[in-house]
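Number of protein chains: 2
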Amino acid sequence: MKKYVYLFKEADGSRKDLFGGKGANLAEMTKLGMPVPPGFIITTKACTKYYAEDGNKIAPEVAEQIFKALKKLEAESGKKFGDSQNPFLVSVRSGARASMPGMMDTILNLGLNDVSVKGLATLTGNPRFAYDCYRRFIQMYSDVVTGVGKKEFEEIIGKLKKEKGVELDVQLTAEDLQELIAVFKKHYKEVKKTDFPQDPNEQLLGAVEAVFRSWNNERAIIYRRDNNIPGSWGTAVNVQSMVFGNMGETSGTGVAFTRNPSTGEKKLYGEYLMNAQGEDVVAGIRTPNPIATLENQNEEVYKQFVNIATTLENHYRNMQDMEFTIERGKLYMLQTRNGKRTAASAVKVAVDLVKEGMVTPEEAVCLIEPKQLDALLHPQFDADVIKKTEHIAKGLEASPGAACGKICFNAEEAKKRANEDKDNKNPVILVRQETSPEDIEGMMAAEGILTSRGGMTSHAAVVARGMGTCCVAGCKEVIIDEEAKTVTIGGKTYGSEDYLSLDGTTGKVYAGKIATVDAKLPEDYYTIMEWADKFRALKVRTNADTPVDAAKAFSFGAEGIGLCRTEHMFFAEDRIPRIREMIVAKTTEQREKALAELLPLQKGDFIGLYKEMQGCPVTIRFLDPPLHEFLPKEDADIAVLANEMKIDFKDLKETVKALHEDNPMMGHRGCRLAVTYPEIAAMQTRAVIEAAIECNAEGMNIIPEIMIPLVGEVKEFNFVKDVVDATAKAVMEEKGVTIQYKVGTMIEIPRAALTAGTIAKKADFFSFGTNDLTQMTFGFSRDDSPKFLDSYYKNGIFESDPFAKLDQTGVGKLVEMASKAGRAVNANIKLGICGEHGGDPSSIEFCHNKGLDYVSCSPFRVPIARLAAAQANLKNPRKK
Amino acid sequence: MKKYVYLFKEADGSRKDLFGGKGANLAEMTKLGMPVPPGFIITTKACTKYYAEDGNKIAPEVAEQIFKALKKLEAESGKKFGDSQNPFLVSVRSGARASMPGMMDTILNLGLNDVSVKGLATLTGNPRFAYDCYRRFIQMYSDVVTGVGKKEFEEIIGKLKKEKGVELDVQLTAEDLQELIAVFKKHYKEVKKTDFPQDPNEQLLGAVEAVFRSWNNERAIIYRRDNNIPGSWGTAVNVQSMVFGNMGETSGTGVAFTRNPSTGEKKLYGEYLMNAQGEDVVAGIRTPNPIATLENQNEEVYKQFVNIATTLENHYRNMQDMEFTIERGKLYMLQTRNGKRTAASAVKVAVDLVKEGMVTPEEAVCLIEPKQLDALLHPQFDADVIKKTEHIAKGLEASPGAACGKICFNAEEAKKRANEDKDNKNPVILVRQETSPEDIEGMMAAEGILTSRGGMTSHAAVVARGMGTCCVAGCKEVIIDEEAKTVTIGGKTYGSEDYLSLDGTTGKVYAGKIATVDAKLPEDYYTIMEWADKFRALKVRTNADTPVDAAKAFSFGAEGIGLCRTEHMFFAEDRIPRIREMIVAKTTEQREKALAELLPLQKGDFIGLYKEMQGCPVTIRFLDPPLHEFLPKEDADIAVLANEMKIDFKDLKETVKALHEDNPMMGHRGCRLAVTYPEIAAMQTRAVIEAAIECNAEGMNIIPEIMIPLVGEVKEFNFVKDVVDATAKAVMEEKGVTIQYKVGTMIEIPRAALTAGTIAKKADFFSFGTNDLTQMTFGFSRDDSPKFLDSYYKNGIFESDPFAKLDQTGVGKLVEMASKAGRAVNANIKLGICGEHGGDPSSIEFCHNKGLDYVSCSPFRVPIARLAAAQANLKNPRKK
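Line by line, the protein sequences give chains L and F.
Note that our numbering gives residue 50 to position 26 of the first sequence, counting from 1, and the numbers run on in steps of one.
Note that our numbering gives residue 613 to position 589 of the second sequence, counting from 1, and the numbers run on in steps of one.
Simulated from the structure, these hints should not be mistaken for laboratory data.
Everything numeric in this text was worked out from a predicted model, so none of it was measured.
Any given hint could be a false lead.
Copies of the same chain look alike in the list, so a pair counts if it fits in one copy or across any two.
[Unchecked claim] In silico DSS-like pairs for lysine-lysine, Cα to Cα no more than 27 Å straight-line:
#	residue 1	residue 2
1	K785	K759
2	K142	K844
3	K26	K412
4	K183	K216
5	K69	K785
6	K785	K73
7	K874	K844
8	K899	K81
9	K216	K657
10	K174	K785
11	K216	K811
12	K558	K379
13	K500	K412
14	K677	K811
15	K95	K73
Bound conformation, chain L alone (with noise of 0.2 Å):
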């Protein structure tokens, strides 16, 4: 029979892949002799076996294993499952390979009953402490595991709160807790139309089953798809011997970094809450004590977590994030974890680590993820500006960066706001009490998050950090009337129409709107950098379609411009009457003459790229987007226009309805239009040469590239580059000068990957344009999938968006099969990606084991390539 349960003692600490990130690093502290309550994993194969054969149930031979293990365990400690003198509980949480902090579901206290509790209490002296957690449970377990919602549960707590004449619900007492569970038995019966389950073995099947299940709910399920983890890999299932960080004054609970997980500063940073279990510190409903005090409450107990934190993180050769508790004054290790950390902590921690020796220059570049480094890029507030600029409130800095937009009272509104907001001009700061798992589309949809209450380890904390997101969090100054949608800060009131700003690195809230400056990168990442710039074979380019955008991506590192979009300089104000001059001309002549106007524009356009990038190659795309774009569609805006050309209204008219298309994406678009009208072609060669020829006349050796748009067959190709070569040819002649130019194309229709073996004989290199090839090989328009995409996700058939992280099975075999065929044919030809998921982490990784030569990406994207570049040569490194 294949093993699906093991003790903590029996596991393999390195197998997070079978035990989970939790199970394993349990399993690896119970090795090195830590104070770990006993207990034992269930794997991630009984998990995906739960889903994949057994139909959702947990079959009986896991079962089976499960009760074996819990008898060892209860062997060990003495104590019995739901024992009426030595009742035995435990704790079930899942632990998934990859950490997902909140994301799945977790029940303590499980094994009490009717007759437990008095064991319980007996065994505790302390009735007050035994029904407290049993009400607990009984709340725990019958939301998690039963979907009994526990806002009834709450409202029944707080009606008899109010019978009692209380405020706080620890001062009620025993028979108050045992009234209070009653009633609670009740409301579940009445629910669930059967007893709350007493059998201590049902209740950890449920809880299992539970687990397993809360793999798919849809909090995990986005949580993935934002961090690219599959859903394959199931969760693990750890069922531990409780402890109690609740049982009185000696007790308690806390969580602790090895290092500031802000800014890496080399100093244990935390904080705990006596008498409390963990939930209460997470959840950030009291605001818990740093954790150097505890050395105040409890010496030996803080130098004991001490002398472990530094082992943990010598062993784990990294910044590690644990829980502990503290049960009657004896310490307890709950878990530990490689620490989630901010952009600018882990550039620090990542070079600290390597000054104190701990890890090598490749190990240290590996420990960032890319992502990441968009938290160090992002705009601060100018300091001259909060200088003079008083806050209105602080609270706790709970992830860096700068952050302004109009006030949103909820994560649905935000979702929703920022949908419509298409272009990032009104931007939304998300105002809580306090955040919860269920808020976290809002939270990614938001600018900024404020919260207040909760501390630097609450989920409002912990998830903007990872999401590289501002965060000001636990600010007690500010009162929320979610009904209202109002906030209340120091006595005055804004609602949905009034702008905030947030300083997450200061925890300053201030009033109204506050310009930002760019971010200064610390010089430790410029160290991470120039590392994975040695440790990289993949060249980083840049989109690019303006100079300012060009500088900006140099500053950042990118080695040439990848897709330079051309039509994006005809939208300016001084070109797009001339394009559109273009557009309704009858004959050749007068689509040239408005053409030969574009054309010293076009070609400042492309002198100013030249000189950006400083002499690196610049790939322009020629023209690609439908002609009708550049027209209005509406009759009244056709009305001005007309006006405004001096042309017939009913004549303009008819050429938008004429370039109307039905499908754009497939239509008269990318070199289809220099198919039809070559002139265009032409103009914008004229423009690329000439503009080569005045900056390579300045001194420099411009080599520009020419990248023709959407082919799908090689006589497109090679007709376009027909009308380039004799254009270029036609003004090197003129000029009496000769230069190199390169033409190539980008693949972005199937057929082009199809063939690319034949097209690749001419083209001088291949740009993969996965944005269009993800369209057409899925048949997925980006302007309409969203509305579908959701069902997708929910259902499971997706993991991720397609446009965001480029799917391998599909369009990366297009993308591959057009490398092998290009590079058959055209040894020297130059491979490169200019889609969104140039920018991507994961696809940057695919192109890189796929040979490509460079990706190209947004500017702020360049630095995550580099070092997305460097990890995947580290992982597989390229045959030189």
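Starting from the known structure of chain L, arrange chain F on it as the hints suggest.
Just chain F now, with coordinates in the frame of chain L:
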């Protein structure tokens, strides 16, 4: 040095690829000892070299070989090029591998100049003849080689005739013609700024190059597209000693078929004109005499010709189409080729040739162009109606079939009107004096063609027969005023809004609309189809959405339904209100209620289909189009519907807005609907299964095939299949009956083809939906691409419409990959095709070669597919 030029007597008559059809057959006739004027062939390789290697110039080595061959001809004839005493004259004619009548250029009388014309006059003792030849040559050469318009020359002739007070060309004297020549030459010089070429060698190279160039003229490109002739073949050029049919009353020229090209009757069939050149017969300017009357004209020549005709038919074992010239009583053969024929003639000739022992049934099946069968299947006028209807005119029965439509006076307008008339509700009858190759697109667009001039071998007649379009030619009663856009027949005038009805089988023209009835298929057709069915490996199914279509297809030999588009059922008047209710439903319950009302209707549809197909497989595709297709778009229509549906206008408008898609072809459609609304798939499954159970209860054995559309990812397929299986199981349990059914998918998304290996694991069949697959693989919207495809044809980027003829390179590669991958994991998987390509012979051949199990096409194309499938298997027999 490679050989590019061959004398007729050197060339191998079996190498049509190298010598073209005309050249190869001239060589063959020469070898057979027939009276062929000597000549030589410039090979197709010289043509492809001209385009591919020599930069559209005749290479020196080719010119050298031409002149060497010319010298041999001169020596043989004792005449000399450009000689003042005994001048040598040649014709220069194109000749491609496949016959392309009238598509490319011809030049006669080449070698004439100011000097040799005198020699010709002396030699023939007929100065008028000589100068007439010269002026014809100047006209033809100027037009064809240098593009100096023939219109102007015609005007000059008109002017001269007026001056001289004559009506006909033949009334002009030798002196008049000399005057004319001088004016022609003057005009030429004015336009071309150079003298009309006097050097016969220069004339010859110019003519050869013009023929090469004409390979890529627009009408040739269109003809090739319509006839699946690759542009890479090139044309050969035939240079032949001139013989003159216009050397007086003992000279003449004619064309003849060994059998009747309309009926297949075994009887020499053709026509001739005395004192005329070949162009006079073909152009249809004078109406020629039946071939049989040649016996009276010159019995000896007639007998000789009949002998030659018989020999040629026996030699080629096929009906021959021959051109001949009689020069002063001596017969010369100028051409023989397999005769183009009507479908009725084709089946009769094929069956007769088998009866006569000339060919085997296998060969007979290959003698028929599958697309021709269309003509046999097209409707005819109701004989009873016709009996009672007076015809208003009678012309030649140029191409059989019946047609009825509004009058249209030019090809361009015919094309335009047909393009606007998507549903073919307003067909047009193209009415012209005579047609010319430039009219080809308009002729394709017309329902029928009526000409007032020209014979059975005129352009209109030949082309219409080839296209299977009804045509009445040479109808002298028809008086056309092109300017006024009227036609007067028997004193009555008809305009663009009037209807005409044509009977191409009788040559009769009727005023107004006449109803048509289905064609009766000739007995020979059944013989051919019986043979075809014996020889083919591919099954032929049909795309049919209604019992009526299914019945039609079944009668045409369909062996099942390969595609039933269920949405077409939803557009019916009794269905669409219900589908709309489903769309506006706000809850699953409301949706299910609307679907429940559709269920019995849908079930009835399926019962109808099952019954018509008599147990043959029926593949039912689930709902495919985006839901907005069922709703109106304009406010006014929305208001009407809102009123009908008793819902708020705003509400409905909101729904319409929410359903709007930017690129609906890549939007929320196909299985994506079933993923978001599984209840739709459940209803359709229930209808399919319940219908089958009911039919099986009546003794049938229906195994329905459910086809899930637009799958791109295996999990989509599995998700919908799970819904299908669960519903089917429920229905079978309810009814207490078990039936078999199959679940498969369309492969129409590139990603489905790329990942077919995983999809095939659970799929019973794949049906290649090559319409969508072509769209996505090319990134071409079917609706929008016609706008730019013209540029593609013009620039030689495409040779055919990829939506009509399967793109074997790109789309075909996906079909092949998916077939291989599917079969590799599921040896029993059924593979078919149900796109438009399923009825296209070249695509059917591809499907055969790639091992598909069946093709599915529209009912009228079923016979075509059966024949094409047989031909494919005879060409490349499939291993059993």
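Status of each hint after checking the structure:
Taking the shortest Cα distances, K785 and K759 never come within 27 Å of each other, neither inside one copy (29 Å) nor across copies (63 Å). Taking identical chains as interchangeable, the C-alpha atoms of K142 and K844 are never at most 27 Å apart, the minima being 72 Å within one chain and 68 Å between chains. Taking the shortest Cα distances, K26 and K412 never come within 27 Å of each other, neither inside one copy (68 Å) nor across copies (89 Å). When the C-alpha separation of K183 and K216 is checked against a cutoff of 27 Å, the pair qualifies only within one copy, where the shortest distance is 22 Å, while the shortest distance between copies is 106 Å.
In the homo-oligomer, the alpha carbons of K69 and K785 lie at most 27 Å apart only across protomers (23 Å), although the nearest pairing inside one protomer, at 49 Å, exceeds that limit. Proximity of K785 to K73 under the C-alpha cut-off of 27 Å is restricted to the inter-copy arrangement: shortest distance 20 Å between copies versus 50 Å within a copy. When the C-alpha separation of K874 and K844 is checked against a cutoff of 27 Å, the pair qualifies both within a copy, at 9 Å, and between copies, at 24 Å. Taking the shortest alpha-carbon separations for K899 and K81, neither the intra-copy value of 38 Å nor the inter-copy value of 57 Å comes in at or below 27 Å.
Within a single copy, K216 and K657 get their C-alpha atoms no closer than 57 Å, and across copies no closer than 48 Å, so neither meets the 27 Å cut-off. For the identical chains of this complex, K174 and K785 are neighbours neither inside a copy (66 Å) nor across copies (44 Å), given an alpha-carbon limit of 27 Å. Neither within a single protomer nor between protomers do K216 and K811 lie at most 27 Å apart by alpha-carbon distance, with minima of 36 Å and 64 Å respectively. In this assembly of identical chains, the alpha carbons of K558 and K379 lie at most 27 Å apart only when taken from the same copy (18 Å versus 83 Å across copies).
With identical chains, the CA atoms of K500 and K412 are at most 27 Å apart within one copy only, with a shortest distance of 23 Å there and 99 Å across copies. For a Cα distance limit of 27 Å, the shortest separation of K677 from K811 across copies, 18 Å, qualifies, whereas the shortest one inside one copy, 31 Å, does not. In the homo-oligomer, the alpha carbons of K95 and K73 lie at most 27 Å apart inside one protomer (24 Å), although the nearest pairing across protomers, at 88 Å, exceeds that limit.
Violated hints, in rising order: 1, 2, 3, 8, 9, 10 and 11; the structure is consistent with all others.
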